[in-house]
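Colleague: These are the residues of each chain, in order.
2 protein chains.
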Amino acid sequence: MYHIEETATILKLLGDKTRLTITAILNETDCCVCELVDILQMSQPAISQHLRKLKDNGLVKETKKAQWVFYSLNKQHVCYPLIQSILAHVPNQREEIDRLAQKGIRMVCE
Amino acid sequence: MYHIEETATILKLLGDKTRLTITAILNETDCCVCELVDILQMSQPAISQHLRKLKDNGLVKETKKAQWVFYSLNKQHVCYPLIQSILAHVPNQREEIDRLAQKGIRMVCE
DNA sequence: GTCTTATATAAGTATATAATTATATAATGA
DNA sequence: TCATTATATAATTATATACTTATATAAGAC
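From first to last, the protein sequence lines stand for chains L and V.
One point on numbering: in UniProt numbering, the residue at position 23 of the first sequence is 23, and numbering is uninterrupted.
One point on numbering: in UniProt numbering, the residue at position 57 of the second sequence is 57, and numbering is uninterrupted.
Heads up, a few of these hints could be off.
Same chains, same names: a pair is fine if it fits in one copy or spans any two.
[What the hints assert, rightly or not] Calculated lysine-lysine pairs in the DSS-like style (CA-CA distance at most 30 Å, straight line): (1) K103 to K65; (2) K75 to K17; (3) K64 to K75; (4) K103 to K64.
For the record, the hints were derived by calculation from the structure and aren't laboratory data.
The structure displayed is predicted, hence computed values, not measured ones.
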């Protein structure tokens, strides 16, 4: 059970098509920024700025690997259960991720 | 299972402390505008405008009774299940409603 | 009819948000 | 070292949002 305010903050964060999609993607697999750029067909700064908001609120974590920064959902977040029950209502993004894999993820990031 | 965009719209609507609280209240009991004004301690136009957004998106319904307009959650909304699974994570607003009842709802609305 | 109460809407203002473009940083590899 | 790639940040702009104040509408009481 969360506070109303805390919950509203999470909902506001996920109440944006781009961030909700990013969250749904990360719920399937970790991704680096350029993969998200490729899937979402948006500019790199726009994606970075959305990731920043998610990170500032602790919803995602970042891990640096060579020149890439991989983002993942923060399963330790207090609101993770809320996020999961929301994601249960939206289609998973397997297709998008598979499409990316077929193009060769490497080609995208290198 | 909803579309990402549709879900984002709902989350954005509920991603506001006032609207989330109104929704949580209406999940307990129907309310007229002046009751919400009393509970939320906000101006009447502010409450009306939030109710308008909720109504425009079909989340709430209104019923006129004499000079009052009672609002209720629209259980027929496609996203009602999503809304319920979100509300399951926030405290119900029984206390606020009870506090209002003790003051005498009649006194508030007349 | 007029007065009061409940609610809605309009106009204005201040702030927040999302995007773009340009630039900075950081890591890799030649 | 320099060039390239990946990512972040800053500055700007356009739009959206939440609220206030003032006013309109609608219903009931008198």
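Colleague: Reference check for the pair K103 and K65, CA-CA at most 30 Å: within, between, both, or neither?
Modeller: Only inside one copy: K103 and K65 sit 21 Å apart there, 61 Å across copies, limit 30 Å.
Colleague: Given a CA cutoff of 30 Å, do K64 and K75 count as a within-copy pair, a between-copy pair, both, or neither?
Modeller: Answer is within; shortest intra-copy Cα gap is 18 Å, inter-copy 46 Å.
Colleague: 30 Å Cα cut-off: does K75 pair with K17 within a copy, between copies, both or neither?
Modeller: both (21 Å within a copy, 24 Å between copies)
Colleague: When no copy is specified for K103 and K64, does a C-alpha distance of 30 Å or less occur within a copy, between copies, both, or neither?
Modeller: within (23 Å within a copy, 58 Å between copies)
Going down the numbered hints, you'll see the structure goes against none, and every one checks out.
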